[in-house]
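2 protein chains.
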Amino acid sequence: MIDKVRCVVWMTGYSGSGKSTLAQGLHEMLSAINIHSVIIDGDIIRQQANADLSFSDNDRFTNAKRVVDIVNNKSTDLVIVSLISPFNVIRDYARTNCICNIFLETFVNSSLEVCEKRDSKGLYKKARRGEIVNFTGISSKFQTPVNPDIIINTETTSVQESTLELFKKVCGYLKL
Amino acid sequence: MIDKVRCVVWMTGYSGSGKSTLAQGLHEMLSAINIHSVIIDGDIIRQQANADLSFSDNDRFTNAKRVVDIVNNKSTDLVIVSLISPFNVIRDYARTNCICNIFLETFVNSSLEVCEKRDSKGLYKKARRGEIVNFTGISSKFQTPVNPDIIINTETTSVQESTLELFKKVCGYLKL
Chain A
10 MIDKVRCVVW
20 MTGYSGSGKS
30 TLAQGLHEML
40 SAINIHSVII
50 DGDIIRQQAN
60 ADLSFSDNDR
70 FTNAKRVVDI
80 VNNKSTDLVI
90 VSLISPFNVI
100 RDYARTNCIC
110 NIFLETFVNS
120 SLEVCEKRDS
130 KGLYKKARRG
140 EIVNFTGISS
150 KFQTPVNPDI
160 IINTETTSVQ
170 ESTLELFKKV
180 CGYLKL
Chain B
10 MIDKVRCVVW
20 MTGYSGSGKS
30 TLAQGLHEML
40 SAINIHSVII
50 DGDIIRQQAN
60 ADLSFSDNDR
70 FTNAKRVVDI
80 VNNKSTDLVI
90 VSLISPFNVI
100 RDYARTNCIC
110 NIFLETFVNS
120 SLEVCEKRDS
130 KGLYKKARRG
140 EIVNFTGISS
150 KFQTPVNPDI
160 IINTETTSVQ
170 ESTLELFKKV
180 CGYLKL
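Quick note, the sequences are listed as chains A and B, same order. Just add 9 to wherever you are in the first sequence, counting from 1, and you've got my numbering. Just add 9 to wherever you are in the second sequence, counting from 1, and you've got my numbering.
Some hints here could point you the wrong way.
You can't tell identical chains apart in this list, so a pair holds if it fits in one copy or across any two.
Using 27 Å as the maximum straight-line C-alpha spacing, the simulated BS3-like pairs for lysine-lysine come out as follows [as the list claims (entries may be wrong)]: (1) K126 / K150; (2) K150 / K177; (3) K150 / K130; (4) K126 / K74.
If you're looking for bench data, these hints aren't it; they were derived computationally from the structure.
Next comes chain A alone, as it looks inside the complex:
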């Protein structure tokens, strides 16, 4: 079915770890070398196609399954997914079911403490006040990826450095 390289960069990490920022940066760097990619952003998917789903464990899994379907319906050679995907079972499902030759589970690694301190969307405050239930890190668990293909530390490195590191690693896998 696959007659050329097709790559999925599946980014997992806490809310506020920098997944969307990295996705955008990677997309732009790839675009500079004429590799077209699309970004599937969990936040946007949640507002649109998957607005019917809660953040229960089951619905998180359903959400991820639908994201995999969206990935498989994209015709670009490179798909970047930005999704908290907090459980091993979700990431394993994605690895098994995304139609691609190269699946890169990418752990965007910032500690919960740092992500909560950033709280760029004000969600951690709401979660702490109980206004959001099943919030990853506060009232829902995040399982550290067991054997990710790529780890990007966004806690101590700048956006520019970590984006470049991700770009380098993805290019390495693409054998560019």
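Mind docking chain B on chain A? Use the hints.
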């Protein structure tokens, strides 16, 4: 003499405009896609090979001529030069005498006011106090490039954005 693409990215602009930072960022992005480049940095050349030269108009020209010689002795496909090179005659000399198929005069554009405000190396203060003579923008002129191949605005855009913009443009010229 040239049997493959050889490119020189010649960056001109005020001290503090961001030439060295852009050079480093471009070098790293190119390295991610296995394009090896070398950086020739005016500040370093001045401390080493050209330590005998002053900042008089004549010595600036001599400095640039020697930089061109250094460029022509590099065997990499891509050479990045970071040099104030404030006069049209210097940049025209470089364009004419650098052995390459693609010469990209790159104007790193920040106003003197902004560069002086940054004053990352404290040189503007020294120049204002008269401790440095013939300092570009203060006691020596900078001619705005007439027809540069690339213009990067570093006054209002972030380092990450302007580096990406430079990378995109260079990749475009390299037809990547």
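For K126 vs K150, is the C-alpha pair at or below 27 Å within one copy, between two copies, both, or neither?
Answer is within; shortest intra-copy Cα gap is 18 Å, inter-copy 48 Å.
Give the relationship of K150 and K177 under a CA distance limit of 27 Å: within one copy only, between copies only, both, or neither.
So K150 and K177 fail the 27 Å test inside a copy (31 Å) and across (40 Å) alike.
Alpha-carbon proximity context of K126 and K74, limit 27 Å:
neither (30 Å within a copy, 52 Å between copies)
Within a copy, between copies, both or neither: which one fits K150 and K130 at a CA-CA cutoff of 27 Å?
For K150 and K130, only the intra-copy Cα distance (19 Å) is at most 27 Å; the inter-copy one is 48 Å.
Checked against the numbered hints given earlier, the structure breaks hints 2, 4 and satisfies all the rest.
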